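Line by line, the protein sequences give chains V and S.
The first sequence lines up with residues 1 to 258 when you count with the working numbering.
The second sequence lines up with residues 1 to 281 when you count with the working numbering.
FYI, nobody ran anything at the bench for these hints, they're computed from the structure.
Here the structure is a predicted model, which means the values were calculated and not measured.
Hints are supplied without guarantee of correctness; some may be wrong.
Unchecked claim - Result set (SDA-like, lysine to any residue): computed pairs, CA atoms no more than 20 Å apart in a straight line:
no., chain 1, residue 1, chain 2, residue 2
1, V, K217, S, P240
2, S, K27, S, F38
3, V, K217, S, K259
4, S, K177, S, T26
5, V, K195, S, F247
6, V, K131, V, F147
7, S, K216, S, D236
8, S, K216, V, I211
9, S, K77, S, D18
10, S, K237, S, K259
11, V, K131, S, I59
12, V, K131, S, N68
13, S, K28, S, I220
14, S, K77, V, K217
15, S, K259, V, A134
16, S, K23, S, F38
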Amino acid sequence: MLMDALLIAIFAGIAGIDMFDGLTHIHRPVVAGLVVGWILGDVRMGLIVGGTLELVWMGAVPVGGAQPPNVVIGGIIGTAFAILTKQEATTAIGVAIPFAVAVQACITLLFTFFSPIMSTADKFAEERNLKGIANINYLGMGILFVFYFIITFLPIMLGAEAAQKIVELLPTWLINGFGVAGGMMPAIGFAMLLKVMYKKEFAIYLALGFILATYLKVPVLALAAIAFCIAYFDYTLNKKMDESTFDNSNGGGYSDGI
Amino acid sequence: MEEVIAMEYNELDSQYEDRSTPKVITKKDINKMAFRSFFLQASFNYERMQACGWLYGMIPALEKIHKNEKDLSKSMKMHMEFFNVHPFLVTFVQGIVTAMEENKEDLDTIRGIKVALMGPLGGIGDALFWFTLLPIAASIGASLALEGSVLGPIIFLLLFNIVHFGLRFTLGHYAYKMGVNAISKLQAGTKYVTKGSLILGLTVIGGLIASYVNFKIPYIIDTGKTTIAIQTDVLDKIMPNLLPLVFTLFMFYLLKKGKTPITLIMITLAIGILGSILGVL
Chain V
1 MLMDALLIAI FAGIAGIDMF DGLTHIHRPV VAGLVVGWIL GDVRMGLIVG
51 GTLELVWMGA VPVGGAQPPN VVIGGIIGTA FAILTKQEAT TAIGVAIPFA
101 VAVQACITLL FTFFSPIMST ADKFAEERNL KGIANINYLG MGILFVFYFI
151 ITFLPIMLGA EAAQKIVELL PTWLINGFGV AGGMMPAIGF AMLLKVMYKK
201 EFAIYLALGF ILATYLKVPV LALAAIAFCI AYFDYTLNKK MDESTFDNSN
251 GGGYSDGI
Chain S
1 MEEVIAMEYN ELDSQYEDRS TPKVITKKDI NKMAFRSFFL QASFNYERMQ
51 ACGWLYGMIP ALEKIHKNEK DLSKSMKMHM EFFNVHPFLV TFVQGIVTAM
101 EENKEDLDTI RGIKVALMGP LGGIGDALFW FTLLPIAASI GASLALEGSV
151 LGPIIFLLLF NIVHFGLRFT LGHYAYKMGV NAISKLQAGT KYVTKGSLIL
201 GLTVIGGLIA SYVNFKIPYI IDTGKTTIAI QTDVLDKIMP NLLPLVFTLF
251 MFYLLKKGKT PITLIMITLA IGILGSILGV L
């Protein structure tokens, strides 16, 4: 049992990384079912449970920043419990979903708490510390591995009920609070971009993008296309004006360095 | 007069010191970057999203292009700014940006193009991978697996990854060539390109604020006789996405006042937790 739990937990660690990095999709339930079934000695059952869970999570993809219940934990814990407790695949879903939701909340926390590390990354960038930048990325994946390892190992070793109680211990106000803050945090990233890009005479375009997206629900692709048209129009207008006035000594200080 | 000086300073700030443009990028470098692009989201976080992983992917090119230490540091700092693109199409941006870096384009222009590409590629990537390839590959794989066939997972992985790897390792080369060609054509009009990329970039950011920043007050006032939902009855009536906009501008204001990003994160966390305890958020 210990050996099985260890092997499944290692696979969960790798799959957890694959969900964000690598993206070979070995983390999907249809693959996880085969691997977990093979470790637990029941490939056929693993395939069937994995296939069932795959269909459940089919639409659960990270679109527009929204995070669905965690597909890695759903697939792995679901298959493991179905085989270990000899349950139907559909019952396994009921066991797997609460874990998958709790794990996704924890991932939200991880993404929130990884934010402060970015100021260290800024320092590394300033100092041209290439190793440092690489290490921050390795650290991120290391944390993911350890997290998925523990979160898979414990429920399989302790049994579902004991693990469920641990999940319930976390105060909801804290989890909710972190979730809310996580949703707001992209604002900081945009503010930092604005700090370097914002010029008063271009503020109108920021407003335009916001209004089109908010009221007309224009998707970002269309937004960029519209902005491109405006930029092109602006370009032809400027060019005409520059050509009609006297030649402004090739754009004031631009040299092409050749 | 002061304005002119300020502008000139700004211009220098956004340019590389070493403006020589030898061609140093090889096919091997593009492949190296494609390999590194697997780790785009390794240090994902809500503040900068993929920035640090993106920089990690760009390092092979930046290291070769910027022999001037100040330039390398300038470039790396710029690439640590907020970045979020569809993880399957990132090599496309890598190719274009590499061509621009190699040509020592103005940093404002590179930034503008980078930002302008984020959103559109996101839409294309979602449509291509999440709404098309994954459902097709997964349903074929799952139906075989349900019959107990080992071929299910194998066919799923093959279908998905042939497209995935194919795109990841060809887009970079394609985009780099495209970037090099486009740049030589646009060379004459750097001034215009910078202005155009600012228009493009700021419009997209405006849209991203509306769609990515999630800030709602689901609190409902119950006076006994009537109930007033703060978000839907009040705030949305004034303007939908009012809170995301105000909050982003507030963060922008604090940054301009010299507050660090860490302070902003702490403020955001405090608002989230406090709001949650009070039951407002």
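Against the structure, the hints:
1. For the proposed pair K217 (chain V) and P240 (chain S), the alpha carbon gap of about 11 Å is at most 20 Å, so the pair holds.
2. Proximity of K27 (chain S) to F38 (chain S) is assessed by CA-CA distance (about 18 Å); at most 20 Å being required, the pair is judged to hold.
3. Simply put, K217 (chain V) and K259 (chain S) have alpha-carbon atoms about 33 Å apart, too far for the 20 Å limit, and the pair is violated.
4. Annotation: proposed proximity of K177 (chain S) to T26 (chain S) holds, straight-line Cα distance about 11 Å (limit 20 Å).
5. Between the alpha carbons of K195 (chain V) and F247 (chain S) the distance comes to roughly 15 Å, so the proposed pair stays at or under 20 Å and holds.
6. With a C-alpha separation of about 24 Å, the suggested pairing of K131 (chain V) with F147 (chain V) is violated against the 20 Å cut-off.
7. The suggested pairing of K216 (chain S) with D236 (chain S) holds, with an alpha-carbon distance near 10 Å, which does not exceed 20 Å.
8. Restraint check: the Cα-Cα separation between K216 (chain S) and I211 (chain V) comes to about 18 Å, which is no more than 20 Å; the hinted pair holds.
9. Distance restraint check for K77 (chain S) and D18 (chain S): the Cα-Cα separation of roughly 17 Å lies within the 20 Å cut-off, and the hinted pair is therefore satisfied.
10. Proximity of K237 (chain S) to K259 (chain S) is assessed by CA-CA distance (about 32 Å); at most 20 Å being required, the pair is judged violated.
11. For the given pair, K131 (chain V) sits about 10 Å from I59 (chain S) by alpha-carbon distance, which is consistent with the 20 Å threshold.
12. A threshold of 20 Å between alpha carbons decides the hint, and for K131 (chain V) with N68 (chain S) the separation of about 18 Å falls inside it, so the pair holds.
13. Taken as a hint, the K28 (chain S) and I220 (chain S) pair is broken in the structure, with Cα atoms around 59 Å apart against an allowance of 20 Å.
14. Only pairs whose Cα atoms come within 20 Å are accepted, and K77 (chain S) paired with K217 (chain V) is rejected, the gap being roughly 33 Å.
15. The suggested pairing of K259 (chain S) with A134 (chain V) is violated, with an alpha-carbon distance near 27 Å, which exceeds 20 Å.
16. In summary, the hint linking K23 (chain S) to F38 (chain S) is not supported, as the alpha carbons are separated by about 26 Å, beyond the 20 Å threshold.
Figure legend: structure checked against the earlier numbered hints; hints not met, in rising order: 3, 6, 10, 13, 14, 15, 16.
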